[in-house]
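Chemist: The primary structure of each chain is shown beneath.
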Amino acid sequence: MQQLVILARWEVYLLIGGLFAIILYKILSGSIDLNGLLTGDSRDGSEFFSPGRAQMLAFTSITAFNYLMEVVRSPSLQALPTIPHSTLAILAGSHLVYLGGKARSMLLGSISEYLRTEVFNARGNNKQSE
Amino acid sequence: MPEATTNNPNRTPNYLQIIGLAVVVAIMMWLFFKGGNAEHNLKLAIGYSLLFLLLLWGLAIFVDILKGTIDLSGILSEVGGGASMSRFQLLIFTFVIALSFFLIVVSTGGFPQIPTEVLTLLGISASTYAVSKGIQIGSQSPAGKHPTEVVEETHTAVEAEEIKK
Numbered sequence: 000m001q002q003l004v005i006l007a008r009w010e011v012y013l014l015i016g017g018l019f020a021i022i023l024y025k026i027l028s029g030s031i032d033l034n035g036l037l038t039g040d041s042r043d044g045s046e047f048f049s050p051g052r053a054q055m056l057a058f059t060s061i062t063a064f065n066y067l068m069e070v071v072r073s074p075s076l077q078a079l080p081t082i083p084h085s086t087l088a089i090l091a092g093s094h095l096v097y098l099g100g101k102a103r104s105m106l107l108g109s110i111s112e113y114l115r116t117e118v119f120n121a122r123g124n125n126k127q128s129e
Numbered sequence: 000m001p002e003a004t005t006n007n008p009n010r011t012p013n014y015l016q017i018i019g020l021a022v023v024v025a026i027m028m029w030l031f032f033k034g035g036n037a038e039h040n041l042k043l044a045i046g047y048s049l050l051f052l053l054l055l056w057g058l059a060i061f062v063d064i065l066k067g068t069i070d071l072s073g074i075l076s077e078v079g080g081g082a083s084m085s086r087f088q089l090l091i092f093t094f095v096i097a098l099s100f101f102l103i104v105v106s107t108g109g110f111p112q113i114p115t116e117v118l119t120l121l122g123i124s125a126s127t128y129a130v131s132k133g134i135q136i137g138s139q140s141p142a143g144k145h146p147t148e149v150v151e152e153t154h155t156a157v158e159a160e161e162i163k164k
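Chains as they are written, first to last, in numbering that gives the first Met the number 0: chain A, 0 to 129; chain B, 0 to 164.
Wrong hints could be hidden among the right ones.
Pairwise CB distance ranges, derived in the manner of DEER restraints [what the hints assert, rightly or not]:
| hint | chain 1 | residue 1 | chain 2 | residue 2 | range |
| --- | --- | --- | --- | --- | --- |
| 1 | A | Leu3 | B | Thr107 | 28 to 34 Å |
| 2 | B | Trp56 | A | Met68 | 31 to 37 Å |
| 3 | A | Val71 | B | Asn36 | 37 to 43 Å |
Hints listed in this document are in silico derivations from the structure and should not be mistaken for laboratory results.
Quick reminder that beta carbons are idealized off the backbone N, C-alpha and C, glycines included.
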């Protein structure tokens with residue numbers, strides 16, 4: 000029975016590690032395309048460097064790396080390590096900034112374009128009232 | 000999405016399934032004729048068979064991914080093209096938590112407790128992905144136009160009608 004447990008452990012190593020390795024290989028070889036990861040889309044189809052995406056990538060990488068290192072340093076824990084509330088708050092803020100930027104560019108377009116539309120609406124309303 | 004090919008007459012036999020079945024039968028036979036405690040042998044036979052089948056299914060999925068039958072090229076892509084940051088961060092956090100969970104299970108031999116903070120982290124990550132998808136879909140009207148474009152077109156139509164009058 001002990002042999003079965005050892006085999007099961009190695010099998011899970013192989014399957015999880017294999018999946019991770021395949022996805023990593025596909026990302027590195029370009030089969031899974033990461034082009035445009037830091038590029039934002041506006042509603043007119045133009046692309047621009049997105050600071051919201053860049054900061055989110057940075058915060059995500061730092062948080063994920065720190066968490067993994069904490070587990071690697073002491074894997075004999077009885078529970079998954081907790082994440083400080085301050086880290087969660089920073090991460091939530093980072094995600095909000097990203098979503099806010101995306102919503103603005105996708106739903107409203109650029110600020111100037113938004114204002115132009117608003118002015119246009121106001122002019123249309125004035126004409127109707129006249 | 001590829002269509003099911005169960006009715007395809009040209010389909011080649013799935014050798015992986017045949018090999019899998021043969022090995023499972025071999026394990027059962029070996030344990031049956033081995034002698035000793037029958038109950039213990041049955042447990043071992045079921046254990047080894049399930050382990051082997053799981054390995055076979057896992058390897059079949061890996062082979063399909065590598066061959067491109069299971070296409071993962073769009074796993075990080077947005078609808079309009081380019082990579083999606085929300086998908087990427089969800090992938091990273093899922094892998095990190097899964098890997099951490101697995102490392103602890105391997106080292107302690109039991110299932111670890113999952114703190115609420117970890118669930119919150121995954122919740123934030125998944126919510127961001129969902130909201131991001133919502134924004135993307137919301138930015139397109141049913142006719143494939145942006146809402147502000149629809150407003151502009153409506154105003155133009157109203158103006159044209161006024162001029163006619």
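Chemist: Starting from the range 28 to 34 Å, see whether the pair Leu3 (chain A) and Thr107 (chain B) falls in it by beta-carbon distance.
Modeler: Roughly 19 Å apart at Cβ, these two residues miss the hinted range, so it is violated.
Chemist: Mind checking the hinted window 37 to 43 Å against the Cβ distance between Val71 (chain A) and Asn36 (chain B)?
Modeler: With a Cβ separation near 41 Å, Val71 (chain A) and Asn36 (chain B) satisfy 37 to 43 Å, so the hint holds.
Chemist: Indicate whether the distance between the beta carbons of Trp56 (chain B) and Met68 (chain A) respects the range 31 to 37 Å.
Modeler: For Met68 (chain A) against Trp56 (chain B), whose Cβ atoms are near 33 Å apart, the range 31 to 37 Å holds.
Hint 1 alone, counting from the list given before, is not met by this structure.
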